[in-house]
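Full structure from sequences and hints, please.
There are 2 protein chains.
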Amino acid sequence: MTRDEARALDAADPFAALKARFAVPEGVLYLDGNSLGVLPRDTSARVADTVAREWGEGLIRSWNDAGWIDAPMRVGAKIAPLIGAQPHEVVVADSTSVNLHKLLVAALGAQGGRRVILTEPGNFPTDLYIAQGIAATLPGVEVRTVARERIAEAIDERVAVVMLTHVHYRTAAMFDMAAVTQAAHAAGALMLWDLSHSAGAVPVDLNGAGADLAVGCGYKYLNGGPGAPAYLFVAERHQARLASPLTGWMGHATPFDFGDDYAAGAGMKRWLAGTPPILALAALEAGLAAFDGVDLAALYAKGRALAELFVAEVGSRCPDLALASPTDPAARGSHVSFAHADGYPVMASLIARGVIGDFRGPDLLRFGFTPLYLGFEDVWRAAEILGEVLASGAWDVARYRARGAVT
Amino acid sequence: MTRDEARALDAADPFAALKARFAVPEGVLYLDGNSLGVLPRDTSARVADTVAREWGEGLIRSWNDAGWIDAPMRVGAKIAPLIGAQPHEVVVADSTSVNLHKLLVAALGAQGGRRVILTEPGNFPTDLYIAQGIAATLPGVEVRTVARERIAEAIDERVAVVMLTHVHYRTAAMFDMAAVTQAAHAAGALMLWDLSHSAGAVPVDLNGAGADLAVGCGYKYLNGGPGAPAYLFVAERHQARLASPLTGWMGHATPFDFGDDYAAGAGMKRWLAGTPPILALAALEAGLAAFDGVDLAALYAKGRALAELFVAEVGSRCPDLALASPTDPAARGSHVSFAHADGYPVMASLIARGVIGDFRGPDLLRFGFTPLYLGFEDVWRAAEILGEVLASGAWDVARYRARGAVT
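Read top to bottom, the protein sequences are chains A and B.
If you count by the numbering used here, then the first sequence holds residues 109 to 515, one letter each, in order.
If you count by the numbering used here, then the second sequence holds residues 109 to 515, one letter each, in order.
You may find that some hints are simply not true.
[Stated by the list, open to error] Okay, the calculated beta carbon distance ranges per label pair:
id, chain 1, residue 1, chain 2, residue 2, range
1, A, P195, B, T110, 52 to 60 Å
2, B, A371, A, A116, 46 to 54 Å
3, A, H196, B, A244, 22 to 30 Å
4, B, H346, A, L404, 44 to 52 Å
5, B, A374, A, P437, 38 to 46 Å
6, A, V402, B, G221, 51 to 59 Å
7, A, L404, B, A160, 22 to 30 Å
8, A, A255, B, A244, 30 to 38 Å
[Claimed, not checked] Facing chain A, from chain B, some residues (calculated, C-beta under 8 Å):
id, residue
9, Y138
10, V155
11, W163
12, V213
13, P229
14, P334
15, G367
16, P385
17, L387
None of these hints come from the bench; they were simulated from the model.
Here the structure is a predicted model, which is why all the values come from computation and not from measurement.
For every residue, glycine included, the Cβ atom is placed at its ideal position computed from N, Cα and C.
Put into structure tokens, the structure is as follows:
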């Protein structure tokens with residue numbers, strides 16, 4: 109493809125105008141929305157208003173008057189259409205890690221004598237670590253890891269819950285959510301999906317797949333800001349029977365009665381623990397507004413086309429660079445990775461030239477494609493710069509090796 | 109005291125100028141800093157900069173370049189002098205509820221066969237609820253509640269950890285931290301203090317008292333904003349042996365190696381779980397800056413004097429109103445409560461007249477005294493208005509009874 113052809117695709121793109129909703133820095137080609145989404149233009153004003161008017165002027169009255177107390181459920185309901193959930197099946201709370209802990213312990217508690225958490229090696233580290241922490245704390249719990257190709261057949265009568273990340277953080281390999289969920293159910297296990305690398309970028313249909321539980325983070329494709337609050341999903345059919353181990357006051361049925369005995373709130377409320385983080389919730393809510401009025405299926409198709417363009421252009425310019433992601437676009441999420449022995453300094457050189465992706469050790473160059481604020485010419489140009497950097501050999505291995513990881 | 113005498117105290121107050129650090133709304137007498145602290149003037153600009161420059165322009169680079177990755181330890185170190193801790197004994201993370209869970213489970217894990225969490229009935233609800241959630245999840249764990257007068261004698265060889273709130277959220281009754289801690293240690297138990305209602309308002313000396321563990325919230329006297337992140341303290345001598353059950357990736361020794369196996373980080377790092385909430389951390393850090401250069405002992409003495417003035421003025425104007433807090437100023441924190449059968453509508457009437465305190469059912473009017481932004485005339489005037497409201501009988505019981513609690 110020529111640069112003019114990429115420009116023509118932008119001219120015909122119905123989503124091109126959405127870029128104006130974001131404050132993409134001048135001179136930056138941002139291919140890292142899968143790690144930290146770009147700042148939406150409305151977020152600054154929304155956060156400033158929450159600080160100065162709601163907190164500064166309203167003070168304690170804003171818990172009621174500004175709707176603070178309802179924010180976790182209200183913002184959760186706005187995430188629901190992105191993940192195929194009903195509005196009352198999603199709540200915003202805590203971090204992905206903490207939510208994984210809550211749901212895994214709850215799943216184990218609901219599954220009788222089954223004590224195995226089944227997952228894959230190489231899953232996102234916090235998923236593995238949280239499961240290991242539970243195994244170290246609760247008697248008899250075991251974390252079993254099985255290569256993804258053999259997950260379905262490994263679900264046996266000892267497995268309480270299968271925990272997988274829908275789109276892999278390194279390779280972008282995407283599970284068939286419906287098929288794996290069906291396999292879990294066939295063996296009597298619950299299915300927990302981590303949607304951190306998929307929600308907002310690829311189609312996710314939790315209820316269509318019959319999923320039981322899910323978590324996801326707010327700071328990647330949802331554009332909620334660094335360390336944004338996370339969310340969790342519990343299918344309606346499980347809501348009354350699952351119990352959170354983190355029984356904080358905001359999950360109580362009537363927290364403002366200040367009684368001595370815990371009584372779990374109805375629906376998703378019981379998954380709240382502490383006082384909700386209002387400033388961060390305001391930023392996340394503003395981030396989600398970037399999806400307002402957007403045809404999601406068409407948006408995801410654009411994201412896939414962006415990634416396909418990048419893979420094709422890199423393939424023709426850098427024939428020696430190995431794609432570490434599935435070659436079939438339908439089998440991957442919205443990022444792609446390439447393996448390169450000097451991946452770290454190559455990425456540093458790209459960043460110095462304004463192409464921001466990230467590095468995942470030991471050797472992956474990772475690039476994310478966010479259709480809300482990336483165009484075809486952006487992607488074409490990023491591939492061109494990658495080609496120039498690799499052709500030049502202009503990266504300083506020694507200098508960057510000394511620095512530690514680009515996060 | 110006359111109003112002129114109160115004004116004279118303000119004129120002689122070395123801390124009077126600190127009020128300019130806060131955006132107290134015009135016409136408001138804010139006696140609720142024990143629930144949600146007032147917005148510091150510098151916070152708006154700091155949060156705006158974090159959003160627009162650090163996130164908007166720096167994007168993913170700010171994890172290193174703007175010090176995001178260090179924020180939990182950096183802000184924790186700023187809390188340390190307020191609670192008598194060393195800088196490396198405090199980290200900011202999650203909510204008070206989640207931190208209570210981490211430390212209680214860790215304490216149980218370190219205490220061999222001891223399986224009792226000892227606390228008092230009427231402790232702040234989330235403390236009780238979190239302990240109950242642990243008892244419902246971990247085999248053999250029991251939550252034992254004993255009236256505060258008999259706590260020390262109730263610590264026996266089955267008690268793993270004593271969990272108490274230093275200053276009671278309703279009455280402001282304050283424990284003798286050193287004496288109770290000593291009693292816990294004499295019986296082989298660990299001591300965990302909840303400092304939510306004391307840190308930043310009264311002297312707290314965790315290491316002086318020999319305390320083992322502590323938690324506290326960021327949104328009361330620390331002025332971190334609604335739902336600000338909380339903090340936790342682990343005495344240096346315990347840091348290597350206690351294990352968090354919430355083993356998220358940010359607590360890993362080397363999170364950016366992305367390995368499959370959890371290895372706890374050194375010092376306080378292991379108490380982190382998910383990705384730190386950067387926007388909220390920026391607000392909390394700005395809130396803590398309000399203490400910069402302040403003589404803490406003298407500040408707390410002013411707070412006590414404010415509360416004493418209020419109690420005296422209310423006592424002379426409203427002789428029938430019963431003080432529900434200790435009469436000895438040395439035995440209470442920085443708020444006081446009065447019992448009134450129509451407490452809820454009385455508080456609503458006060459708020460309508462610009463005096464913001466809060467109501468705690470079934471019958472408490474609660475008023476907090478924050479020496480950073482309250483003056484003697486403010487407090488004198490609040491007492492006068494309370495006297496006027498009570499003398500008038502001008503509260504509408506039926507109207508407010510229908511509305512539910514003021515949070």
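- Can you name, in rising order, the numbers of the hints this structure does not satisfy? none
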